[in-house]
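Q: If you want the building blocks of each chain, they are given just below.
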Amino acid sequence: MDRKKFILFRVGVIVFIITSVTVAVTRNSALLSIVSLLTGLFFWIFVQSKAKNRIDERVTTVQEKAAQMTYLIFTPTIGIGSIVLLLFARDEYYYLESLGMVLAYLTLFLIVLYAISYHFLDRKYGGSGD
Amino acid sequence: MEGAAIKNKLKVYRAMHDLTQEHLAEKIGVSRQTVIAIESDKYLPSLGLAFKIARYFKVNIEDIFSYEEDTDED
Chain U
0 MDRKKFILFR VGVIVFIITS VTVAVTRNSA LLSIVSLLTG LFFWIFVQSK
50 AKNRIDERVT TVQEKAAQMT YLIFTPTIGI GSIVLLLFAR DEYYYLESLG
100 MVLAYLTLFL IVLYAISYHF LDRKYGGSGD
Chain P
0 MEGAAIKNKL KVYRAMHDLT QEHLAEKIGV SRQTVIAIES DKYLPSLGLA
50 FKIARYFKVN IEDIFSYEED TDED
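Chains as they are written, first to last, in numbering that gives the first Met the number 0: chain U, 0 to 129; chain P, 0 to 73.
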């Protein structure tokens, strides 16, 4: 990720957090607004403040590994969560079953996205050359 | 490449040329943090950056970076 893309990513995160807080306030969801603000603070402390430095290959490596680690934690977590919700949601907790369905589709989307990314990157870096 | 490590003498060459980490970072186009990370063996530079460093000090790449295999055998 070069400097321009990294700046776009940071702007995207900031816009999302602002939007999230705005939606939370309009929906009277104090929890979402607090979590959004804490997430923004967390991002500022661990990423934004360090991003003033030159974006060189080490920072690019850190970004790539952070994205990989995020995917490796996030996808199994929501996958397992979706299975648990779908298996154990009772009739009176129908919303949990709906949430489980959403998480299941999201997990499947992430798996497909990974497969497509892997295919294109493999070809980009000289795979399937035989 | 299990048991192998790539070591470097970047700190030695930087001292020989009386350079600060900031100055060297500026010359080779990276951040000071990257120079620190390379010197402390926490970050392995790319081949391109390794060649850039060697070219800056006017030495061969093997003079700065060395490949050491783990000689411990079972």
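If you are wondering where the hints come from, they were derived from the structure by calculation, not from laboratory data.
Check before you lean on any hint, since a few could be wrong.
Unchecked claim - Dumping the calculated DSS-like pairs for lysine-lysine here, alpha-carbon to alpha-carbon at most 30 Å:
#1 Lys-3(U) / Lys-41(P)
#2 Lys-8(P) / Lys-4(U)
#3 Lys-10(P) / Lys-41(P)
To be verified - Ranges between beta-carbon positions, derived for each pair:
#4 Glu-96(U) / Ser-65(P): 53 to 63 Å
#5 Ser-39(P) / Thr-38(U): 46 to 56 Å
#6 Tyr-70(U) / Thr-19(P): 17 to 27 Å
#7 Lys-3(U) / Tyr-55(P): 33 to 43 Å
#8 Met-100(U) / Lys-10(P): 22 to 32 Å
#9 Tyr-55(P) / Gly-80(U): 47 to 57 Å
#10 Arg-53(U) / Ile-5(P): 52 to 62 Å
If you're wondering where the values come from, they're calculated on a predicted model, not measured in any experiment.
The beta-carbon is built from N, C-alpha and C at its ideal position, and this holds for glycine as well.
Q: Confirm or reject each hint.
A: Outcome of the hint check:
no.: 1; hint: Lys-3(U) / Lys-41(P); result: holds, 26 Å
no.: 2; hint: Lys-8(P) / Lys-4(U); result: violated, 34 Å
no.: 3; hint: Lys-10(P) / Lys-41(P); result: holds, 13 Å
no.: 4; hint: Glu-96(U) / Ser-65(P): 53 to 63 Å; result: holds, 60 Å
no.: 5; hint: Ser-39(P) / Thr-38(U): 46 to 56 Å; result: violated, 31 Å
no.: 6; hint: Tyr-70(U) / Thr-19(P): 17 to 27 Å; result: violated, 38 Å
no.: 7; hint: Lys-3(U) / Tyr-55(P): 33 to 43 Å; result: violated, 27 Å
no.: 8; hint: Met-100(U) / Lys-10(P): 22 to 32 Å; result: violated, 56 Å
no.: 9; hint: Tyr-55(P) / Gly-80(U): 47 to 57 Å; result: holds, 51 Å
no.: 10; hint: Arg-53(U) / Ile-5(P): 52 to 62 Å; result: violated, 23 Å
Checked against the numbered hints listed earlier, the structure breaks hints 2, 5, 6, 7, 8 and 10; every other hint is satisfied.
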